[in-house]
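*Asks:* Work out the full structure: start from the sequences and follow the hints.
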Amino acid sequence: MNKRFEGTIERIDRYRWRIPKSHRDTMRVDGIVYADDRLMQMIRTDYSLEQVANVATLPGIVRYSLAMPDIHFGYGFCIGGVAATDPAEGGVISPGGVGYDINCGVRLIRSDLTEKDVQPRLKVLIDRLFETVPCGVGQRGLVKFDRKELKQLMAAGSRYVVDRGFGVPSDLEVTEGGGCLDGANPDYVSDRAIERGAQQCGTLGSGNHFLEVQVVDEVVDEAAARVMGLEKGLVCVMIHSGSRGLGYQVCDDHLGLLRDVPRKYGIELPDRQLACAPIHSKEGARYLGAMRAAANYAWCNRQIMTHLARQTFERVFELRAPQLGMRLVYDVAHNIAKMEPYDVDGCCKNLCVHRKGATRAFPPGHTEVPAKYRKIGQPVLIPGDMGRSSWVLVGQDGAMTDTFGSSCHGAGRVMSRTAAVRSAKGRSIRQELADRGVIARARGRRGLDEEQPEAYKNVNDVVGVVDGAGISKRVCRMRPIGVIKG
Amino acid sequence: MRLADSGFELRDHTADIALYAWGDSLPALFCSAAAGLYATIGDLEVDGKCHAVTLSLEAGDAESLLHDFLSELHFRFETRGEVHSDFGFDRLDEHVLSVKMCMARVDHQKSVFDREVKAVTYHDLEITQSDGRFEVTLILDI
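Residue numbers (the working numbering), protein chains in the order written: chain U, 149 to 634; chain L, 985 to 1126.
Just so you know, not all the hints are guaranteed correct.
Claimed, not checked - To give a feel for the contact side, a few chain U residues facing chain L, derived at Cβ under 10 Å:
(1) 223
(2) 289
(3) 395
(4) 415
(5) 416
(6) 491
(7) 493
(8) 562
I should point out that these hints are in silico values taken from the structure, not numbers from a laboratory.
Here the structure is a predicted model, which means the values were calculated and not measured.
The beta carbon of each residue, even a glycine, is placed where N, CA and C say it ideally should be.
*Replies:* Next up, the structure:
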């Protein structure tokens, strides 16, 4: 998996590279990778470019197999991979194109508080958040849903938990798809997945998931920032989590169920993690129904944690959340497959867009963008590492013409977890973060070591590529001041 | 009780954990891989009381059987807070596994957790055998 890519890769322009179809006989389309020279040097060192080529072999793939600049090795698809398949042309759906953490995503909650307001109580705030938001191995959610409730939750998405008091109706307007994917079928979610999910809704998890208290550090596009309620010096909360054990199990179940399905439909695959089924097949429909149900669970998970974060701010600052101006800016999914209409050679086609570590980035004027953001484009939330920065961007027209409405999703790892632990020997990552002005709390022994800032690419470089390539535009940069990890 | 930690190594992998396990037989390999899975999660201590569980699995090949066995152990850890403190295979070949396990509850106060495992992946999953040594590298999604 760490093998250097030795195939042909051609430069298209400053930010794009092509793996030509001729790289392998079985490729149906070219691979297109977004990167600058420096990122490409890093990207070439692992197996991810071969994975871009693998995806290009899938039946029904349209135009090209794409990779965003935060590309790195994944299972089946690379992380940062985007592919659209046409159901009318035998197009397939692949769990490997969505990932284990279905609807892993990011949300940003803004506030009227300034850094100056928060600093005197920052340590208390972070300690309270750490006590209140369940995180780490074996932590259970504050609400336990029974089987019937969980099925209703998976069918309805965010609205189900908002109706039970975890948030406000306006949260739904600024959640991708209103916090619900139509066509979810909870009956296709296994008992095992339901058992894993029953006690985890409203929990952060571990690994790269986090809750951060951030400050708007630099505003690049004043007008767009104003529409989002963001200005320099304001404090925000960013939450990164997904569908927890329920989603992981849905993915694993379907990789098993689809193990022999490609052969049944005469599909040859270069990697069994690319197991797939035609979208118009009973196996494909089954995965789609279960995946959508897990996606809806993930939105509920982030919604409950939003509620817990607001409650914590209320207790620490002794004001109600609306008085603190704690409005949800937006919530994006970055591991998902969705049916979306695109113009392909003059025809409007309904394509299945796989985004595996890639964020939807619809441009200004798109009807799917909430009314309040329609003039500026859909907010695109890009978490970086816990020591440097994260970004808010907006979708641009280039995303519709070039990337099936997609942009990057994060910084992307450059250091293995084991190497990060080795490099942290004799150091205190917690103290190093404190020296940078970041209070960090982690449940697991290795959490901070494995997730140290140096383990990631600099997100500024990644964001520079998607901005330069015209698929999304920088609005503001956020600096962490407090971090909760699993 | 401290769980055994022999017969495996956690190796470099960009985003996740590569678990390399070995043994002088298929059952020994499965035991090592199970110990490696638990060690990836942390230093797990159990409360000593245990109950017997019989597990039977069937799969198309030994790799799928190993994947399914580890996934079962992971599921029991995540949903019931249990790990096995002892186990013995009644049968284990390339297609069938039957095992009697003594399951005990993890003591959350005494245990030290490192990280959550999302899933046992199929990536490049291949059991090799040479000179009586069975080896496998499993990628665990973190």
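*Asks:* Work down the list of hints and note, for each, if the structure agrees.
*Replies:* Here is what the structure says about each hint:
no.	hint	result
1	223	5 Å, holds
2	289	13 Å, violated
3	395	9 Å, holds
4	415	17 Å, violated
5	416	17 Å, violated
6	491	35 Å, violated
7	493	36 Å, violated
8	562	8 Å, holds
The structure is inconsistent with the numbered hints 2, 4, 5, 6 and 7, although it conforms to all the rest.
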